[in-house]
Each structure stands twice: as C-alpha cells, then as structure tokens.
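Here is how the chains run, residue by residue.
Protein chains: 2
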Amino acid sequence: MPRCRVRVSTWRRSVVGGAGGVEACRSGEVPYGGGRFNGQEGSEDSDSSVNRKSYPTTLRRHPSRMDQSESELKRFMSGLTLAECVGFVIIILTIVWLQYYRGGFAWSSDYKVMFNWHPLLMILSMIFLYANVMLVYRTFRHERKKKLKLVHAGLFLVIFVMAVIGLSAVFNVHNTAGTPNMYSLHSWLGICTMVLFACQWLCGLLSFLFPGVRHALRAWYLPVHTFFGMVVFILASCTVLMGLLEKAIFTLNDKTDTPYQFLPREAVVVNVMGILVALFAGLVIFLVGNPVFKRLSLPEDEMLLNEPIN
Amino acid sequence: MPRCRVRVSTWRRSVVGGAGGVEACRSGEVPYGGGRFNGQEGSEDSDSSVNRKSYPTTLRRHPSRMDQSESELKRFMSGLTLAECVGFVIIILTIVWLQYYRGGFAWSSDYKVMFNWHPLLMILSMIFLYANVMLVYRTFRHERKKKLKLVHAGLFLVIFVMAVIGLSAVFNVHNTAGTPNMYSLHSWLGICTMVLFACQWLCGLLSFLFPGVRHALRAWYLPVHTFFGMVVFILASCTVLMGLLEKAIFTLNDKTDTPYQFLPREAVVVNVMGILVALFAGLVIFLVGNPVFKRLSLPEDEMLLNEPIN
Numbered sequence: 036m037p038r039c040r041v042r043v044s045t046w047r048r049s050v051v052g053g054a055g056g057v058e059a060c061r062s063g064e065v066p067y068g069g070g071r072f073n074g075q076e077g078s079e080d081s082d083s084s085v086n087r088k089s090y091p092t093t094l095r096r097h098p099s100r101m102d103q104s105e106s107e108l109k110r111f112m113s114g115l116t117l118a119e120c121v122g123f124v125i126i127i128l129t130i131v132w133l134q135y136y137r138g139g140f141a142w143s144s145d146y147k148v149m150f151n152w153h154p155l156l157m158i159l160s161m162i163f164l165y166a167n168v169m170l171v172y173r174t175f176r177h178e179r180k181k182k183l184k185l186v187h188a189g190l191f192l193v194i195f196v197m198a199v200i201g202l203s204a205v206f207n208v209h210n211t212a213g214t215p216n217m218y219s220l221h222s223w224l225g226i227c228t229m230v231l232f233a234c235q236w237l238c239g240l241l242s243f244l245f246p247g248v249r250h251a252l253r254a255w256y257l258p259v260h261t262f263f264g265m266v267v268f269i270l271a272s273c274t275v276l277m278g279l280l281e282k283a284i285f286t287l288n289d290k291t292d293t294p295y296q297f298l299p300r301e302a303v304v305v306n307v308m309g310i311l312v313a314l315f316a317g318l319v320i321f322l323v324g325n326p327v328f329k330r331l332s333l334p335e336d337e338m339l340l341n342e343p344i345n
Numbered sequence: 036m037p038r039c040r041v042r043v044s045t046w047r048r049s050v051v052g053g054a055g056g057v058e059a060c061r062s063g064e065v066p067y068g069g070g071r072f073n074g075q076e077g078s079e080d081s082d083s084s085v086n087r088k089s090y091p092t093t094l095r096r097h098p099s100r101m102d103q104s105e106s107e108l109k110r111f112m113s114g115l116t117l118a119e120c121v122g123f124v125i126i127i128l129t130i131v132w133l134q135y136y137r138g139g140f141a142w143s144s145d146y147k148v149m150f151n152w153h154p155l156l157m158i159l160s161m162i163f164l165y166a167n168v169m170l171v172y173r174t175f176r177h178e179r180k181k182k183l184k185l186v187h188a189g190l191f192l193v194i195f196v197m198a199v200i201g202l203s204a205v206f207n208v209h210n211t212a213g214t215p216n217m218y219s220l221h222s223w224l225g226i227c228t229m230v231l232f233a234c235q236w237l238c239g240l241l242s243f244l245f246p247g248v249r250h251a252l253r254a255w256y257l258p259v260h261t262f263f264g265m266v267v268f269i270l271a272s273c274t275v276l277m278g279l280l281e282k283a284i285f286t287l288n289d290k291t292d293t294p295y296q297f298l299p300r301e302a303v304v305v306n307v308m309g310i311l312v313a314l315f316a317g318l319v320i321f322l323v324g325n326p327v328f329k330r331l332s333l334p335e336d337e338m339l340l341n342e343p344i345n
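So the sequences go chain by chain: A and B.
Going by this note's numbering, the first sequence wraps up at 345, each residue one higher than the last.
Going by this note's numbering, the second sequence wraps up at 345, each residue one higher than the last.
Be aware that one or more of the hints could be misleading.
[As the list claims (entries may be wrong)] What follows is a set of in silico ranges between Cβ atoms, one per label pair, in the way DEER data are often shown:
no.	chain 1	residue 1	chain 2	residue 2	range
1	B	L298	A	G138	25 to 31 Å
2	B	R249	A	M217	51 to 57 Å
3	B	V124	A	C234	21 to 27 Å
4	A	K109	B	E178	38 to 44 Å
5	A	K147	B	K147	56 to 62 Å
6	A	P334	B	L298	55 to 61 Å
7	A	W142	B	V230	40 to 46 Å
8	A	C234	B	T116	21 to 27 Å
I should point out that these hints are in silico values taken from the structure, not numbers from a laboratory.
Here a beta-carbon is modelled for each residue, glycine too, at the ideal position from N, C-alpha and C.
Next comes chain A alone, as it looks inside the complex (with noise of 0.2 Å):
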C-alpha cells in the first residue's frame, strides 16, 4: 500500500514557487488547466507553463491564497486518513469473515477454501490498492511528475495481475464444482469491469508514458482517462457489493443454522462490510473529484519523459 504522509512544507515550497495559476485556481477565480472532468490532476506535462504564462504574479502569491491551499491540504489529510482508516478496517473485516467464519485460505483442491481467495483479491486489489493508486498525484504531490506516472502505471499493473489472480481462483472452484462460470449479474458486471480496467490501463501507458505521443492528443485524452478510472473504480465497488450480496445469500441459506433472513453474526459482518465499501468509495470519489485537492505542477514536470529519473 503507497505510503499516505504528504509533506507539507514541500507542497508549500511547491505552491510560492511553482504553479501559482493551479494555486490560484483553488480559490476558485482562476481557472485550473482546461480539465473537463474533475479528479484529472490537470497537469499534462506543460499545463503549468500554460498557468504561469495566463495569470499575473501577483495572484499567484497572495498571502491568503496561500493559507486557503494549506487549509485544502489540511481538509485533504483529513479525508485521506478518514478513507484509509475505512479502508484498513474493510481489509481486516474481509481477513477475519473468510478466516473465522469461511475456512480461511489456501490454493488446494478443498475450492470452498480456494474460493476465499476470491473475495480478498478482489477487495485488496480493485478497491483498496485501486484507490490509493488513483490518489498516488494527490498522496505524492511533492514527487516528480514523471516518476509519480510510472508508480501510477506499475501498481495498476500490479493491481491487475492481483485481480486476474482472484478472478483465475473463483474459475477453478466453479470448474472443479461443476458450476457454469459467468452466468450472475455480479460476473457479468465484474467483467466488463475489468475488461474497462485493461483497455484503460493500455490507453493511459501509450498515452502518458510512450515517448513521441503529441502533446494535444495528451491534453485530450486526460480528462477521458481520468473520468474513466473513475468510472472503473464506481464499477468495481459495485461488483464487490454484489458479490458480498451472492456470498451471503448462497453460503447462509446453505447452512442448517440461522440463515441470511435472521441475521447471524456472519450476516451483520458482511452487511457492515458492504456499507463501509460503500462510505470508502464515497469518500475516495470526494478526494480524486474535488479539484481543489489537485495535486501543483512542479517546474520539472515540464521536463521530456525520456530523460533519467531520479
């Protein structure tokens, strides 16, 4: 998990002395890179240049500009640990219902074991990493903006494979239970999902990190790949819910103590499981949308992407 420490002082650095068009912006009277959507960070190579050249020093140095960007960074901070909090807690509510109560994990021939690694996969890569990842240019906002793409493109990379892992799991327990694969509506949506995972995920690396792409096209696909990691991200956190939904009712209703209707204790737990699913993908839609949480362009943002990292 990307760490979530954002420091302060740097950000600060980085607001007197680099984009002051995107620090003005904040306040809302100066505009913020020509974003369509909210939640891209606006900042496609040159758009701080773009911000410098528009507006007058003067805004970009007021004094209360500036303190009104630490008290967004505060609120920021705030609803960052909120949503991390929500999200460890979801992690460990997933790990203790598939141990405790499911038969914890293991990738044998038992496929009501193997099956648990379904549900985990899933939560840890599409919803947890998957968040933090989208956040990386916010979290990291004093990180070089090359360096933060490449640690955006690896991780979704990683997300990924951790996602076709899960989805090979729950493959082999309904093959080796004689169940047809892909007939719920859960399934159904979890693949268009992820085939809108993999197709976003290609566009953004030929987009943003294959040298020679022309800037305008750049600039024109941002604000699409943003609203669609999104959109992904929307997606997946439904799919989980439902999921969540299928478990409970096929695994309650199967057993010969309380079922689903009557509430046992394995009921209130994925229950509260999928509310804080759900108040997690609110808050992290609150942070990536609000496009004052934008991450500034540093000056060496502007730099071509071919040359050494540091």
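Please arrange chain B on chain A, whose structure you already have, making use of the hints.
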C-alpha cells in the same frame, strides 16, 4: 418524464447576451463559478455577475468560443439522447420482465405479484426520473433558474413519494409472507440511500428555496449539494443492481425448471437490465459531472426568489 429538448437558438442567445464568464470557461481558460465539485450548476443566484465582473468582454464574445459552445451542446445532446434511449429500454425491459415472467402488477393480497411494484417503482423513480431531474438545469438551460429550482425540488419530492410507495410494497410483501424486513445488504444500502436522499432534499429546500438564506451559505452548500446528489444516484444505481441480482437468485433458484446458473431467458433479461442500468448511470454521471455541459446563467437568474414566476 421531463422533456429532453433543448432550444439551441435560445441557448445561443443566452451565451452571447448573458453570462460570458461561464461561456468562456468552457474552453478551460476561465473559471466557472468557484465550484468545488463537478456537475454543480455553479450559478447560485449571483454567480453570473461574478463571472461577468471578473473577465474581459473580449473573452465573453469571442466567436471561436461561441462555436465551441455549440459543439459542446451537440455533444451534450448526443449523450443525453443516448442516455434517454438506454433509460427507455431499461423501463420497457423492467415492465416486460415483471409482466411476462413475474405475473404482472396488482396491489393485492397476492404478495408475489404485489412485490413487482417494488422493482418497477424503484427503477422508474430512483434511476430514470432521478437522473432526469438531476439533469433538469442542463436539459432546460433556456428556462429561468428560479422556475427550474421549483421543478427540481418538486419532481424530487414526487420521486421520493414514488420510492416510498415502492418500499412500502416490499414491506407489505415481507409482512404478509412472514419474512423479516431489512436483513440483506441490498436493503441496508437502500435505506442508507433513501435517508441520504431525504436529507439532501430537505437541505436543498432550506438552502435554495427558503427565502432569506445568506448567499455565502448557498454558495458554500451548492457544490456539496451537487456532490451528494451524485452520490445518492450512484448508491441508488448500485442498490438496484444488487436488487436485480438478489431477485434473480431467489426466484430462479426457487423454480423447478432451469436455475439461474444455466442462464434461462429470464436470467439473460435481468442481467442485460443490470448492464444497461450501469451504462445509463455512467452516461448520466458523464453528463452531470462534465463542467463544459453546464447551464449558462441568464441575467434574470439574479432576481430574487420571492418575485412572481412567469
């Protein structure tokens, strides 16, 4: 259902004559009302005057900007048309599914038929109508703001009443069949959605329609209201998807003929409905969350609310 026609000529007139600041901001070079989240209409009472004061007239009347606005309106119209088509298909499929496979509609002691009001009313109110009422400022951008406010609040009240009737149907069914209420994750998330919706409506009413509320408070609350409006819609879409899955598992696995896992025709209908609900939600979030589609403020928007509405 609200009309979805937009008068291009009127809209263009308002672009040229009215809130040039907002228009110019569509190019991404000037701001759009100091909003914090996407999707806000950003013109709470006197925002247009703020925009007019802040930027030179040349920006407001530049022909290329006007052309761009028209192309954006076309994009909005295309997206809206597609969303409406998908929405209609969802409603038709819901009626076909419930009428053909689930025995039709009746508010009677036959609880299996009475239940059918629940999916129909929830999808109609919380998905299709909710989306259209969220979009009312953008769809009817040539109308006066105060009229749109009343329509927005009034229709949301109608939606809330419809949803409550839809909920009462399922409570009646549970009470008649002796099934406990509020046990599944679907119902937990649904109740959270309805409570948030009620709070959202009440706060919106007090903030934007209650005379004498300070402008600063309204301006602060507007992006919060827009953000939570979108959150309620996403939660509602997610709850509907979970409801469809739950119903498919319960009813199809209960039957003696083809169960859910062998994908009978009814399962395909339900799954396709679910995918269309997700597609519809994505299109609506695109239309509501895209600041370039924002309604332009008209000069008469600045008039006080307690004046007569024409």
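Worksheet item: What hints, given by number in increasing order, does this structure fail?
Response: 5
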